[in-house]
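Chemist: Below are the chains, spelled out letter by letter.
4 protein chains.
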Amino acid sequence: MSKLLDHLTGDAEAEAFFSDTADLAAMLRFEAHLAQAEAEAGLVPDEAARHIAEACQNFQPDWSRLAEGLTKDGVIVPELVKQLRQCAGEAYAPYVHLGATSQDVIDTSQMLRLKGLFQLLAARLDELIEALRRLEREYGTFHLMAHTRMQQALLFTVADKLTTWIAPLQRLRINCDRVANELLVIQLGGPVGTRAELKGKGDQIAEALAKSLGLSNAPCWHSQRDRIGELGSWLSLLSGALGKIGQDVALLAQNEIAAIKLATGGASSAMPHKSNPVPAEVLVTLARFNAGLLGTLHQSLVHENERSGAAWLLEWLVLPQMCVATAAALRHALALSRSIQFVGSSKM
Amino acid sequence: MSKLLDHLTGDAEAEAFFSDTADLAAMLRFEAHLAQAEAEAGLVPDEAARHIAEACQNFQPDWSRLAEGLTKDGVIVPELVKQLRQCAGEAYAPYVHLGATSQDVIDTSQMLRLKGLFQLLAARLDELIEALRRLEREYGTFHLMAHTRMQQALLFTVADKLTTWIAPLQRLRINCDRVANELLVIQLGGPVGTRAELKGKGDQIAEALAKSLGLSNAPCWHSQRDRIGELGSWLSLLSGALGKIGQDVALLAQNEIAAIKLATGGASSAMPHKSNPVPAEVLVTLARFNAGLLGTLHQSLVHENERSGAAWLLEWLVLPQMCVATAAALRHALALSRSIQFVGSSKM
Amino acid sequence: MSKLLDHLTGDAEAEAFFSDTADLAAMLRFEAHLAQAEAEAGLVPDEAARHIAEACQNFQPDWSRLAEGLTKDGVIVPELVKQLRQCAGEAYAPYVHLGATSQDVIDTSQMLRLKGLFQLLAARLDELIEALRRLEREYGTFHLMAHTRMQQALLFTVADKLTTWIAPLQRLRINCDRVANELLVIQLGGPVGTRAELKGKGDQIAEALAKSLGLSNAPCWHSQRDRIGELGSWLSLLSGALGKIGQDVALLAQNEIAAIKLATGGASSAMPHKSNPVPAEVLVTLARFNAGLLGTLHQSLVHENERSGAAWLLEWLVLPQMCVATAAALRHALALSRSIQFVGSSKM
Amino acid sequence: MSKLLDHLTGDAEAEAFFSDTADLAAMLRFEAHLAQAEAEAGLVPDEAARHIAEACQNFQPDWSRLAEGLTKDGVIVPELVKQLRQCAGEAYAPYVHLGATSQDVIDTSQMLRLKGLFQLLAARLDELIEALRRLEREYGTFHLMAHTRMQQALLFTVADKLTTWIAPLQRLRINCDRVANELLVIQLGGPVGTRAELKGKGDQIAEALAKSLGLSNAPCWHSQRDRIGELGSWLSLLSGALGKIGQDVALLAQNEIAAIKLATGGASSAMPHKSNPVPAEVLVTLARFNAGLLGTLHQSLVHENERSGAAWLLEWLVLPQMCVATAAALRHALALSRSIQFVGSSKM
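Protein chains in written order, with our numbering: chain A, -2 to 345; chain B, -2 to 345; chain C, -2 to 345; chain D, -2 to 345.
Isolated chain A (complex conformation) (with noise of 0.2 angstroms):
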């Protein structure tokens, strides 16, 4: 839709790992991983996961037609591996995707792209809290009035307010690590869950693909989507806390209390005078968005027998929107903390 809104509430670098080829790329590496897992096992000859492999590597897919099995089959997986197999050729064709369904390759290429997000979110938070200290070696020592209720409260300093800023944002950075660890997993399951066309090396497999892959290793969790769950409601609190400091830095930036100053304040079509605190509102938003989509996220807890369709891509819908506004939620608040000025003077 509008790509100029992108600028605003988007993010050019957690977007690209929700581009197609980003997918198609992840997807790629777990077919070409599985077959070497696979070779390991015995299933699968050494040559046929090589060749698998290079044709991993060399892949050009045909778009159009895996959009066309897309809104076929609702998911591109059959035309993809189609048109792997094609690619691989003849002999090999049958070890390409061996014993695995859709929902192993579509999964686990969102965990190794997520993997790659959290590490994004993470440095930015890691910025953001540094950036946030200096605010504090800067201002730290500053009067300033604390509100409770809408109303003046008693005097506080600067330091006070930003430990409120920063306590939270130290808590989900060290839950950040624990979520990346416990919930970025592969997913290897077969057709109904049960790694059965596996002959009794399934487990054998996951433990080397999650290995060579760089993620955990996991049962199979088809229809068990508490992780999905739980790694939405982390970003939903990070942006929450983001959504915290911009409707502060709104409040405080008000005209008739003056407490803070923005270097760069947005402008007005109508009146000139104005300098509007632009990122800060953005954060609310984002917070109130992320939010709201993390209810709908979690209706797709029920998702009904070994595979839902409909709770599944109830998740695509709203999981890629969640990380991408957590993103843009960290980089305006790392540009808002750098244009923060706090008036006024220090404590005796």
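No lab work stands behind these hints: they were computed from the structure.
If you're wondering where the values come from, they're calculated on a predicted model, not measured in any experiment.
Identical copies look the same in the list; a pair holds intra-copy or inter-copy alike.
Calculated pairs, PhoX-like style, for lysine-lysine (alpha carbon to alpha carbon, straight line, at most 25 angstroms):
#1 Lys79 with Lys196
#2 Lys0 with Lys79
#3 Lys69 with Lys258
#4 Lys69 with Lys271
#5 Lys208 with Lys112
Keeping the supplied structure of chain A fixed, place chains B, C and D upon it in accordance with the hints.
Modeler: Frame of chain A, contents of chains B, C and D only:
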């Protein structure tokens, strides 16, 4: 993000209303017609209005500066007006955007495009109702087992079932006209919504502007977002009614029930015998997606002061998605209704 | 749970419509009038209808068995009908609940009570609009600083501000009548919604039933929940409009802005100097609460088959809360509007 | 509102934690232990701490004045402290609630009760996992048709199915301990969250208070609501996992599939042959209810300034409901797991 996924849950025709070029075209239409209405009211020389209309027609935007403007100001309008004034020339520049504010342009542009969108939805809804009636003519007398609380209840007919699908669509179709008429209105208020800059001619100008733009007339509603909330509700009611159809089809098409066959089912990458009811599942997904988004859209009713950057931006993130999801749902429902075959025999 | 909290966010008058006794009374009213309408249509002997009406009037429920019935059956109706048949006596028992199903009783009972609730809301809305107009008469000419994007914009007047509060309430007041008329309808369908058990007299009985109950007539809508979704939307639009007022008041009553003083502010346990704008905050809370609940209510539009226990029950958990929250919001808004004092002086 | 409905979607044991008397008891516990911790730190005479402890034990609240206080102040604490000071006597009154603020009492009281609630949920979760394992021991080797995308996929076993139900519950059970340990913390900050009123002894007092109350220690978190958001997420993940079980049971118990029989099915008022899977449906309802509430709870992360009346109150409306819904879902899941009979025969 994923372009491929748009084939499933997006809708090219609907998305076109929310592209940057469509937005810009509608904004320019607003500016041209505003100048014309102001000329009729004697606030702008006729010659200026003509030149502004021409400038709007010939305008070539500098997109990258519009993007910068959006990032800085939270809206593209200050930068757009600057460019448009340059295009109109120094003599006429003061008459461009005279007495208007960013929100006037942006909200009216959205309403203009929503008008086209609602026409699209109405046309598809008509087509869907007709397709369902064709099913009724073909299969209406067939026996069908009714189910309540997920258990067999009593036999009724396919016509009885189709009535439960068609009746809400008919109500929503009727409501569509009311909604379009009552809710699709111009926005014109000036900086703080009082039309004070229009020197007593505000209401006259608003009336002329509404007429020439083909929207309903209304007093300024900058901070009064009930119309937006109600538009969203209609969209979600419609996608919800379609989600109910999708859920019913998925249930009736279960192999063990087999009351419905779909002419075109989706394939599985691992289970060639399967025929998946993909469009039915998509309808359920889109209903749940829109329901959640509606809850978020209504959060933006708490629109603080005379213009809330935060609440307004939240609408921009949500409402276009709801429009597209509803259009996509109608497209799938139409395709689905054409691929449904009821299995069974006529009631005696 | 907390009864105390009901003093803040509950509403005794509104809650009364959703008590078990109010529900039971409305259910008995349905059964009595159904028997009467069926008598008029010749399906039930007049004497039976009279006896059933008497039984409904004298009925003393065994609440603990109703509770057991609810737990077991998911609805109280099977047990209630059993008790009511005993009360009516063996001879008339077969005519009790004739041709109806649980959903007919429950949905109609709810609609009857919603009718009372909407009358309550309409009356409060009238009162609130009048109270705001009084503010306009008293303070309308006062200067007030307008704020856009959380920054000072331009001076306007208290009347300009009040217009932004009153106008949506007026639209919602007008819509209230339409909503009540279009959406508050009887439910009558029998086991699978076809009225087949009423032997060709279903439509005639429905018409008489609607007339005698004071509800609008409608075909069976067991699995068509658009009316419920639209009722919820109206509630959330109203609480949202009130939340906007609350947010504005909280902002204008900030000590640093002090454009509004509240006659009665809340105290702090630790800061005796404070005067907290409690009802203004409550309005914001209730708006956000209802917005979220609306999203959940629309999830129940995906009402599978001829009657969904799961989707229907979700409505029961959500809609009464929305009604009470809206009534509470109106009560607070009214109190607030009576305690507002605008500070300043008249515009010249 | 409806007390009857509480038999279905409420839970007496869980609700008890959220009664006014439980709240008051926990608040008094806070005040008594605070005075004791302050005595140990030398801020309060030992004798005063003893008298305050006694006053807390013997305290008889004037509920109607507490209600008035809540209505006026938005919290009961100012009025409660006033009553408690009277009870403690003039000499000790100044030491009651010394250095604390309303939010300290209210948040700590909630955490104390959440601790009990989480113990209840953990115990039920253990019981449920054990009940599901019993099903596995009894039926694990039975054939069962797996379904993906609402279509028959391949045969697997009841044990395979049960694994998909049990595994998320086990993860959530492990997470329950982490959540309780990390997130159930005391609140102590004083008026603006700095512990300044505790004269340098704040951290020491907090540590002693946490220890004596059996909660984890933490710095003040008045405006940092990430813990609340994360608690809510855990609740919704659990009810979501149970909703998935409920959905599966409802699908498997369809007459046409009949892979599951329920020992106790619900009756219909019009169709005596039916056996409705009521508890399975309730699980789906509660999952969707909690998912929606989670989205609303995360809206309250945007907690403006040092204390937001609006955002805080939103938590109070949402979190207790989520707790009760989750407890009710566990109760139904347990009952359901005891009434499930898988139909079929052992796999060879």
